[in-house]
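Colleague: Sequence:
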Amino acid sequence: MNRPWVVLGILLFINFLNYADRYVLSAVLRPVAADLGLAYTQQGFLATVFTLGYMFSAPVVGNLADRISRPRLVAACCLLWSLATAASGLAIGYKSLVFARIFIGIGEAGYLAIGPTLIADYFPRESRGKAMSVFYTGVPLGSACGFVLGGVLPRIPLTPTMDFGWRGTFLALAIPGILIAAVAWFLHDPPRGRMDLDLDAHGPLPKKGTIREQLALFRNRTYLLVVVALTGIAFATVPLLHWMPQFFEDVKHVPHENANIMIGGTLILPGILGTLLGGWLGDRIARRTPGGYLIVAAGGLTGGMLCLWVAILSHSAAIYLPALFFGVMFFMSCTPTLNATIANISAPNARAMAFATAIFCMHALGDTISPMLFGRVIQRTNLEVAFLWMPLALLISAAVCVGGVFTIRRDTQKTLDRVTQVAKTASRRRS
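For the sequence shown, this note's numbering gives the first residue as 1, with consecutive numbering after it.
The hints are simulated quantities; they were obtained by calculation from the structure and are not laboratory data.
Do not rely on the hints blindly, as some may be mistaken.
As the list claims (entries may be wrong) - Label pairs and their in silico Cβ distance ranges:
no. : residue 1 : residue 2 : range
1   : Phe406    : Pro124    : 18 to 28 Å
2   : Ser316    : Leu392    : 20 to 30 Å
3   : Leu395    : Val152    : 32 to 42 Å
Bear in mind the structure is a predicted one, so any value in this text is a computation, not a measurement.
Heads up, the beta-carbon is just placed ideally off N, CA and C, and yes, glycines get one too.
Turn these sequences into a full structure, and let the hints guide you.
Modeller: Here is the structure:
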């Protein structure tokens, strides 16, 4: 299969499952904690340990993805996290659930290091924002589905005395991932850089980028600024989502059976709208200025943070639900724009490593530490105070996006010049 939009649809569905499997734990966290006897800090560590597996595996998989078939790696990653999701439903205690979360993180990190690189080689620069926005609609769709299914499935009766429960929910969500992994195995792996360079004139790039090309990422100011922005976003949003159901129950006094459905409902539509709008608007502005994607990201972060504070402080559903709606819409506009920026400023044959390095850095300095820190703040104060402080990290993210607007033109041109020279050198050696 090598039709761009068909491939994009398959990658979107896998990304949807990626986030559904990730966030279903947050939806069933209260019954899981009750059954397994988990303290707040242990609940936070379940998010942290997922991130540890996620971040340490990303560079390894990214390096592999620049060497071997990317679709087959996608299939392997999807199968791994789906089996680990099933294992979560079979957990007999805290330790077994921790191990399952580690392997979910390993599989999902590999996919998110590879998926965007396939899109970059199927779609040209001028429409990458739109393609990335379609791919990343899997984030709100999957996240919302994780929350909604986590709220609905456990209550489905299997017998007069037994419900589906949180264990059955994990097992049910594992099945689609196992099936789609078989489809991903047969996707076409396009030549790296075919949408960035004239491969007929210069010849194909070497399949794997050199160490020099990978190290060049750390001299790319725009790339480093995007990584800082992503780190701030991960630091703030992951613990907020992790404890969102409990926040609605304890602070907004929403009944437990309604909290997850309410969260899913406020994530799905604004998430899709924000993601698609961000990609479309980013493409339009990027045609006029190279920093177009970063302008959209900075605006989305600022608007989203303000809306989130309104949602936290208000106790009227007529205010906090619309504020949360627009906050999610603003935040999700950042996802396709920041990832399209990484795709455009990195060398095509080192692109998977660029995404993998970004994943490692943003999680090592972001949500590896923030969930446990968030849990401690809750224990010392309360949920409302913790929710008010965490969004401050988004101010830093917005500021560095503005900084990247002034560096991206030069950094993009330097990357294109370097990659063109590499292709010419490789062509001369082959002849």
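Colleague: Hints first: check each against the structure and report whether it holds.
Modeller: We went through each hint and held it up to the structure:
1. Checked against the hint of 18 to 28 Å, the C-beta distance between Phe406 and Pro124 comes to roughly 25 Å, which is consistent with it.
2. Checked against the hint of 20 to 30 Å, the pair Ser316 and Leu392 passes, with Cβ atoms roughly 24 Å apart.
3. The beta-carbon spacing between Leu395 and Val152, approximately 36 Å, falls within the hinted interval of 32 to 42 Å.
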